[in-house]
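Undergrad: Starting from the known structure of chain S, arrange chains R and Y on it as the hints suggest.
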Amino acid sequence: MSTSEHRNPRPRAHRTEPAPDGPPPVPEVSARALARRRRREALARFAREYARNRAGLVGLASLLTIGLLALTAPLFVDQAHLTITGAPGESYQPPSWEYPLGTDNFGRSVLDLVVWGARVSLTVGLLATFVSVTLGTLIGVTAGHFGSSGGVGGRIVSAVLMRITDWFLVLPTLVLAVALAAVLPRGIGTIIIAIGLTVWPPTARLVRAQTLAVEARPYVERARALGGGHAHVMGWHVLPNVMPVVLAQTTLLVATSIIAESTLAFLGMGDPTTISWGGILEAARTAGAISAGIWWYMIPPGLAIAVVALSFTLCGRAVESVINPRLRGQS
Amino acid sequence: MTTTPTEADEPSGAGTTDVPAPAGPTGSGRAARVLTYVLGRLTTAVVSLFAVIVAGFFLFRILPGDPVRAMTEGREVSAEQREELRRQFGLDQPLWQQFLDYAAGLLRLDLGTSFQYREPVVDLILERLGPTLLLAGTGTVIAALLGLFLGARAGWKPGGRGDRVNTAVALFFWSVPTFWLGLLLIVLLSSGRGFMPGLFPTGGMVDPRASGTLETVLSTAQHMVLPVVTMVAVIYAQYLMIMRSSLMDEKGADYLTTARAKGLRDTLVRRRHAVPNALLPTVTLIFLNLGQVVSGVILVETVFSWPGLGQLFYSGLRVPDLGLVQGLFVVFAASVILMNLLADLVYPLLDPRVRP
Amino acid sequence: MSSLLDVSDLHVTYSGSAGDVPAVRGVNLSLDPGDTLGVAGESGSGKSTVALALLRLLPASAKVTGRIMLEGEDVLRMKWGRLRAVRWVGASVVFQGAMHSLNPVKRIGDQIAEPLLVHALVKPDRADARAAELLEQVGLPASRLRDYPHQLSGGQRQRVMIAMALACEPRLIIADEATTALDVMIQAQILTLLERLVDETGIGMLMISHDLSVLAATCDRVAVMYAGRIVEQGPAKEVVHEPAHPYASALSAAFPKIGDPASRLAPRGLPGDPPDPSDPPSGCVFRPRCAVAETVCATVDPPLWPVRPDRYGNSDRHAACVHVGPGEGSGDGSDRSVPHQSSSTEETSR
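Residue numbers (this note's numbering), protein chains in the order written: chain S, 1 to 331; chain R, 1 to 356; chain Y, 1 to 350.
Just chain S, same shape as in the assembly (with noise of 0.2 Å):
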């Protein structure tokens, strides 16, 4: 009922339970082969779970192809072709056996370019979600870890991260990514960061709850008891709880990183010598197709963006249904 309890979802128990510390009985080398079978076991658990949930298929699936188009690309698209001065057809031909998807105002072909523009919006909402997570799991475990165990100066730092947190979580990210991007110098390295130092703060509050829930189960109780450092708790104990809702966040990450990227090549903050989605829906604005009608230079980029998110979102929801049985069934 409490307002806290939703901003922080109730952090679960997971079935990957590592007990690392304490000597164990029985040779180091069985051991280990014991603890690779548990994880190979706890995989398989996990995708049968996956499994059953057909949005979350269908999601992997779109991704799969999506993902295998972009990277066998440079095999059937013709690098020249994409190119201004090297453009094969017409100006704004509508769709033809030549053309499935029309040709641009310079006459390349739409097609071509939205293959080809997948490969800079994938890398990009990747690298760009790898940059949040990472940040955001490194606040959230360091606040988490600190607020419950960390004595008067811990606990002030916690604080003080929850504070900066909260700040960054109201302010429009996108006006503060526009900004980083409008004064950084042009380029990809300016998008993924532009986007990564924004979009952290919920994995940040998600992650610290997680640590919070973790760093109360007993075991973790008794290492601190065994003389365990802050390092030995944070890296051998929460980390790696912490993962599965890493995990999921992550993908759901993906799919707000893509749009993010498509936004700010959109605004004309984008790289203008690479080719990808937002860029090709910015260049057919101010090419003045949007007005004219040319649906067919302004529809396929705008879909692509739509169906990769969505499978990133759909992957995303699938992944945290497994993780939190609450919410089973309900999708």
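Quick caveat, the hints were computed from the structure, so don't treat them as lab data.
C-beta atoms are modelled at their ideal positions from N, C-alpha and C, and glycine is treated no differently.
One should not assume that every hint holds.
If you want the footprint, here are the derived chain S segments under chain R, 3+ residues with CB under 8 Å [said to hold, decoys possible]:
# : stretch
1 : 138-147
2 : 177-184
3 : 192-199
4 : 280-290
TA: Frame of chain S, contents of chains R and Y only:
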């Protein structure tokens, strides 16, 4: 469960009172608590605002290295003109002096000067505030009503057909980039190409040919349709999801069994008992997500050439006009913080339990 | 027979992902107007499920069979509209833990008046006055009408709950753990209040509690439930002070009698846990925890036998234990066995 000693009175005679248990609301004590609460929230908001001011300074004065170079990149600008610009922006001063000037300016509501328009940023903002408030206000209100209504229905019978359809539609709109949805609507409904006639204008806020109040209002309404639809489509989805999950959390509550036992029909149980409780966390989250409304406004105004703050921001970005962008950054961030402050102050009216 | 409430062969089964779990397995109860019947049992015995089943308040995943005759009408076969009309007017409920059973964001006056308005028993402009009357009836000043639940103490909230239950002047009140969350002094007050209301109004009350001593003090008759069945029932004093079923005696011993050295020295409590309802033990379900179990208990699931029957084989007390049955568990006793169904019917006509 705490009880006061007075509870132990022999109650057999009807009318025996056990007097207020947890501090009855009496005069000055209550006023003091309200004051403490309000002051606490105000302090938080002021600290956040200060952080925004510092961030604005850091972002636009320190991070770019040389702001003037960043602004004039790729332009024919002579060295003298650059020097002139530097002086104009106070960049020849030491950093601390720059910060003090900037902060003092903010206190006087002086947000600096636009490089592009050669006008005080405050004037530009005030000029365009109206259209933005009109668009964002209409969009947010419709999105909130729609999202809460559909979310309450979806969450009451999770897994049902209505829920599945609603959730799927919401997830789709959530996955669609705002600006693309706007572009799509323009191509479909206003470009006048193909089988669809151009039903709505492609951009702007009012037809310049419109004369007289009535005509202006009608023209504005017609211009507003597509931008508002776009905003609603993108924002309502998250309201729906939030309302749905908080209603699902309420579903098992004991007071709903009481309500059912009283003989209320299902819709009344939901509307009278479950929804008012589920609204509490939802309202908090809606205000927490106001930043996304700002993002939406920027994109929608850009796509539909709506003459508001969002479009101003976009025009500042294209130059780039760092003075203007900085001023708008501060205004956007501050407005979100103020709205959150407002939410904190209003929340106790909704939830009697947190009333000071 | 003008019984107020007559429950026969009530079964409740929860179906979930883990298969069907029987929570109530063949319960018979009956209650006359003006009487108080107690149902005792530890948590998980199915007693609260019985309470909720009486007004069909269980979730859709619960399958309810049997017969629940409320003033001659079968609740389980009512149409929705009729059921809604019977709820709170025919029978109302004082729920456990009034903390969560009251809506936290609504004023208590509105919550008390709500059933009156829903059932159109008062005009809207009279609702407040009626709510004030009800509040005063349970010993709270009318000035409390505008309070929210969190502004009241636990005892006060329970009083509000009772006032609410009285609102439509029902013939039956179901008190589901009505005093459980309260401390002893407040508990005594609430019990006195309930007793007084039953005396004054002549309504029937079904009182459900895990605390046998509470039931002994308030009820005329008591039924003890274990693992979804009634294992003993009879006049409250007798069941509490000289229980016939080993579970009833364990339950009775769990609440010490003050000033009785014997109860201080006697072993208290019960080893083990209640059986897993989805996989009950064979024979008598209480056998694994029973101190006096015999080999026969593993095969015989005893019905309710009359305890110390008169020469016609009748008694107002019944217990489901082979030690109570004819021949004290030596013979199979089938020749003299009194079927469970008829025994409870006789018992209602005492």
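Undergrad: Taking each numbered hint in turn, which are not upheld by the structure, reported in ascending numerical order?
TA: 1 and 3
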